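Peer 1: Each chain, letter by letter, is given below.
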Amino acid sequence: MDTNLLIQGAELMLLGMGIVFGFLGVLVFTLRAMSALAGRLSDEESIEPAPPAPLNVSDHRRVVAVITAAVARYRASSRAA
Amino acid sequence: MDTNLLIQGAELMLLGMGIVFGFLGVLVFTLRAMSALAGRLSDEESIEPAPPAPLNVSDHRRVVAVITAAVARYRASSRAA
Amino acid sequence: MDTNLLIQGAELMLLGMGIVFGFLGVLVFTLRAMSALAGRLSDEESIEPAPPAPLNVSDHRRVVAVITAAVARYRASSRAA
Amino acid sequence: MFEQGLEALWHSMGIANLGWGQLLMILVGGLLIFLAIRKSFEPLLLLPIGFGCILANVPVAGLAEDAVGHLLMAGDPSHLAALAEILNVPVTQLGDAVKHASGASLVAAQTLARDLGYEPGMLQLFYEVSISTGVAPLLIFMGVGALTDFSALIAKPSTLLLGAAAQFGIFSTLIGALALNVVPGFDFTLAEASAIAIIGGADGPTAVFLASKLAPDLLGAIAVAAYSYMALVPIIQPPIMRALTSKTERQVVMSQLRPVSKLEKILFPLTVLLLCLLFLPSAAPLIGMLTFGNLLRESGVVDRLSKAAQNEIINAVTIILGLSVGSKLQADKFLSLETLGILALGAAAFCIGTAAGVLMGKAMYRLSKGAVNPLIGAAGVSAVPMAARVVNKVGLEANHHNFLLMHAMGPNVAGVIGSAVAAGVLLAVVGG
Amino acid sequence: MFEQGLEALWHSMGIANLGWGQLLMILVGGLLIFLAIRKSFEPLLLLPIGFGCILANVPVAGLAEDAVGHLLMAGDPSHLAALAEILNVPVTQLGDAVKHASGASLVAAQTLARDLGYEPGMLQLFYEVSISTGVAPLLIFMGVGALTDFSALIAKPSTLLLGAAAQFGIFSTLIGALALNVVPGFDFTLAEASAIAIIGGADGPTAVFLASKLAPDLLGAIAVAAYSYMALVPIIQPPIMRALTSKTERQVVMSQLRPVSKLEKILFPLTVLLLCLLFLPSAAPLIGMLTFGNLLRESGVVDRLSKAAQNEIINAVTIILGLSVGSKLQADKFLSLETLGILALGAAAFCIGTAAGVLMGKAMYRLSKGAVNPLIGAAGVSAVPMAARVVNKVGLEANHHNFLLMHAMGPNVAGVIGSAVAAGVLLAVVGG
Amino acid sequence: MFEQGLEALWHSMGIANLGWGQLLMILVGGLLIFLAIRKSFEPLLLLPIGFGCILANVPVAGLAEDAVGHLLMAGDPSHLAALAEILNVPVTQLGDAVKHASGASLVAAQTLARDLGYEPGMLQLFYEVSISTGVAPLLIFMGVGALTDFSALIAKPSTLLLGAAAQFGIFSTLIGALALNVVPGFDFTLAEASAIAIIGGADGPTAVFLASKLAPDLLGAIAVAAYSYMALVPIIQPPIMRALTSKTERQVVMSQLRPVSKLEKILFPLTVLLLCLLFLPSAAPLIGMLTFGNLLRESGVVDRLSKAAQNEIINAVTIILGLSVGSKLQADKFLSLETLGILALGAAAFCIGTAAGVLMGKAMYRLSKGAVNPLIGAAGVSAVPMAARVVNKVGLEANHHNFLLMHAMGPNVAGVIGSAVAAGVLLAVVGG
Ligand code: NA
Ligand code: NA
Ligand code: NA
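Residue numbers (the numbering used here), protein chains in the order written: chain A, 618 to 698; chain B, 618 to 698; chain C, 618 to 698; chain D, 1370 to 1801; chain E, 1370 to 1801; chain F, 1370 to 1801.
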């Protein structure tokens, strides 16, 4: 068995885990800085609405409005016919 | 004209039709065996429903239920508004 | 500076604008001829309907008809249940 | 420069270079488009093929020429000399030498032309990528598998025999093509005759795949014949069906097919694949992609992929395949006696295939003591679902309450498998 | 190994290798993305181009380098020696030699590099497949044809003349590029000047197609200029339009366009194709794919294919095309005086094209005795449908009830055909 | 001819040529399909891989053989001699010589075979186009980027450390693979050990990409292991998670994540790309395409392209990628001791990665004084979104009102970035 290869592997492990933690660690701070910057850049920027529920409700309303109008038109026309 | 070529063609015809019938003939029996196996494997397996109509009916019901609920909600909210 | 190149460019400009106008000019007449031909070929050919509105109306009617039928069926079945 | 420019321009104009052949082929392309739009002749294929035909015959542009073709068109003397040296002929005989070059020397010529900066035309590029590699017909076969419901065949496997019988159209046409060599001007090799015969399979992608392997030069005529006759099935088949059957036979009402379980549908493509790998590996690309597409469909767990195979992939590939097939309708290759022979042989193939299917149907009618309507044998030629619809129509003529559509779907999809098997045989014996 | 690893890693880090040029180009890429997202500057193209620009300038990675580039970056002495032998230069001059290699020796160098195991970077691979072959712009042209309704043009063919006039932007810019050679540092060839001039066609895929044939090294700058100025049409055009027309002219209300029959719409692409093949075969790839896409749309029998051309195909191709164009924004190629010249010439091209269109509009206003609003001439530059919308807006400023949108669509789509014709002329004369 | 035909046919039959190895691999392919359909084991990948496996082991057909393989199968003596001359070995040792050929001589052999008219089989063609070029995994990574919402990570960047810790599964497996060399029969190189180790990244496209660069011969086993274990995450992870945490820890309810602004979501991919180009250019293809896809999604201005990346492109590429991976499951390559080793090492990699993630979670639990539930560390292995769902389920067992799904999405998507970074390190150090 090639001990040299094992040593290379161990070094690669140290190096690799170092880079992974280094890279993602730096990314933690960079992302925080990015968020701070984004917050400052856009106080006017709209915060994403958390619960999607109300959207569905309004969608339902729109559907209902469309159907209501269609039904009304249909009735009017069928009376006319 | 090359008679030899014609003979080759005739042989190829015999061979070809032989293989086609042989292959599809074996497939007939294999498919029957497969169906028997499938039947034994899955008495619990659901047989595909033949007429798609009932499915549509239940779909309709679901649509109607959704619309009914939406209409009800819309009316409640419009009253509230 | 290479005057020769400039002269080549000028000639290319004349040639190019000539071809562009020539090609599109011929196309003007060809298209008119094509339209005349098309008109003669297809007096029965349907003229494209200008306003898409009526289509929508009939779509609405179909939607309404479907919904009406579904509602009716739903009521009948719920009474039965 | 101006005069040179004008002269160069005139010489670059199509009208100064348009040959009669090209003009004729442009009309042929227009006819294909007309048939596609007005007569709904397999429009998904014939419209792109027709358009590709017109583009391939645009003079000067060389859209369907390969790199060597563009080298010849450009006519640079030093380049011509280099090409002549590679092909080992005098420059004056280059045109002929290129046409008959093959194997290593053709590859060398192409490499030279590309090294000298010549590129294949747009359509030739499409052709090389989509058809030379065999990829396009195989992806279409995958889509066909994903689009096809084999339930009718699973419910009644005996209809496979009808799909087998109809392949007689293929093999009798093979003999016919070889027999045609008695006519002066015809000289089909066994490989060419095999490629022509596959028209009788009534299956477009199979025809394109086999022709691209066995006789690329005839691919245009073979594909056009295959797709055109598939569109003509409602006209070609009914007289033959009526001539070979009695009214009593045509009136036979068949018992309803049993329902097929989901498990059977999943096991079906795997079973077909298994038989193919055991007995006919040369059909593995075609049968493999067909059953793969069908398994995507029936497995029920990969809807994303099944829909991609049924829509995005097959649509994009159809466009490119159609244009590529059209690129083979160049005047100097298409306008020949051979093409007329191919068209005649293709028509015969369809008629014989239909007749063979109906006769096998009659045999099953007897053997089953009248339980099988012999008309459904006509659907064995493939041409899914057109042939099954024709059966239904002819059946309804004889008995207004007799709906044969579902019963004809069995032999119809069996015909697809049958012609893939026939293609496999031809590849194994002739293509080696 | 650990120290070596660390050192290898440091040398493999971008920050240790980032040149000023690359930093600048990364900012340029960021700017393009910003303009795409915030200002809606042709985002479908400029976002992928901007992102491709950043990726192309990632140090060390060599994403936009070809196989030879990767050989040079790797720096293996024996491989460098082999390359130097092929290019017949000393190793020390390899960098320059590779830049100026062409034709057969470049092909040989690429073959050597690939044989030695070097591969092109990801972006270069995209570029070779999508742009070098010409396939991507052609497929986008097919999609444009499938997306475009030519009714307004069929109803009023005379608007083609407006589309012709606006191409003066192209040819005057050609002169401009050659005249710029008086400035030290500029040395455009006729082919390069032609490629730059096409920016005046205001048509992205045409610009990419022509530049890839005539001046691949300038493709990045040309494509960025073309798409950026197309996005700037609402800012560039109105002042010119107002300066060249009187308020009376701008207030002209045009009579409603006649309805166009389905048959006319089907015959239209075939008519345009016919003229192209008769008179300008060199435009056949562009015009061919445009009219093919349009025939898919109007035939009404191949909806599957029409939708594929309008959606799946054009979307996928746009992504790859955008990244590929971005790959040409490498610092060492893009950051040059030439790029500044190209940007300036492109702006001039747009202005001149707009002015020429409006002036032709004024001529038609006179000839038609006031029936034609000269503003619609500005739409002749292409930039569909942005330019037509700008016409509508400027028209509404002058007369609040004057909707010119439909009338401007005629010259607008005529401009697409016009610039394809201009590209055909340039290819025929310069590209031979 | 008839007898020859029959004999040729028998020799062309699969059943006459089917080896035990091929039979076994066909059963393996069937098993993968069974697991995909019945057990919903990553069906989008494992179904095509399983089918590709069956096709690759069809005897005689050589669907997964390259041009040289087909030359060897055909066995033409003069062609064999030519190949032997190029590889500089006696004809009798050709089989071995081809297996061990590399670099320039392999390229020369391929060129020879193609020049002699041999073509790669269908699956090999798919493999060359989609995986050898690296394009398919990269396009899938683009799709993953377009499909992934990184909000949870943006809201709580510290979860990146959990994604980092879980990569310990990769690097410990690297040591494990090298240590396995003590067992006779194993002889993994550093590159092979690195490719095997990436299984611990629990990310399919990353594994395929890295294996195709570092150890193409092991790609089949590595990809199958990666996707299978990803599917097994619900079985592998829970015992480890329970063993390493106390019930108190598992019951921790985490505070709701803050909402994330649209601008943050747009800047996120650009930030990640920036760090990648500064510090780890070797990860630029993977990270570049991931962040490009995510920018398409979040920019809000290119919905057409975003949807194309999420649907059409990723679906079509998945089909081809799956079949191509399956092509590497040929009996003579797959059925070896090495494969068993890879499967064992892969399982270990998943376990160790999970444990490392949970242990880092425990560290964050302590440091945050109980604000972080250590279970979410298990999601750091990637396997999006399966691992996050497992965390949610195990969390619910401990506390019926504790929904950890959103909190686990942070480390889960961090794991994707983490394994791309690890792949970049391995490429930079080992792949040079
Ligand atoms: Na058939
Ligand atoms: Na234009
Ligand atoms: Na991971």
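Fair warning: there could be bad hints in the mix.
Said to hold, decoys possible - The calculated label-pair distances, taken between Cβ atoms and stated as ranges, are:
| # | chain 1 | residue 1 | chain 2 | residue 2 | range |
| --- | --- | --- | --- | --- | --- |
| 1 | D | P1628 | F | L1449 | 52 to 58 Å |
| 2 | B | G642 | D | D1701 | 41 to 47 Å |
| 3 | B | G642 | D | D1465 | 47 to 53 Å |
| 4 | A | V643 | E | N1386 | 16 to 22 Å |
| 5 | D | F1403 | E | A1740 | 55 to 61 Å |
| 6 | F | D1701 | D | L1736 | 56 to 62 Å |
Just so you know, these hints were derived from the structure itself, not from any lab.
As the structure is a computational prediction, the values presented were derived from the model and not from experiment.
We put the CB at the ideal spot given by N, CA and C, even for glycine.
Peer 1: State the violated hints by number, sorted upward, taking the hints as numbered earlier in the document.
Peer 2: 5, 6
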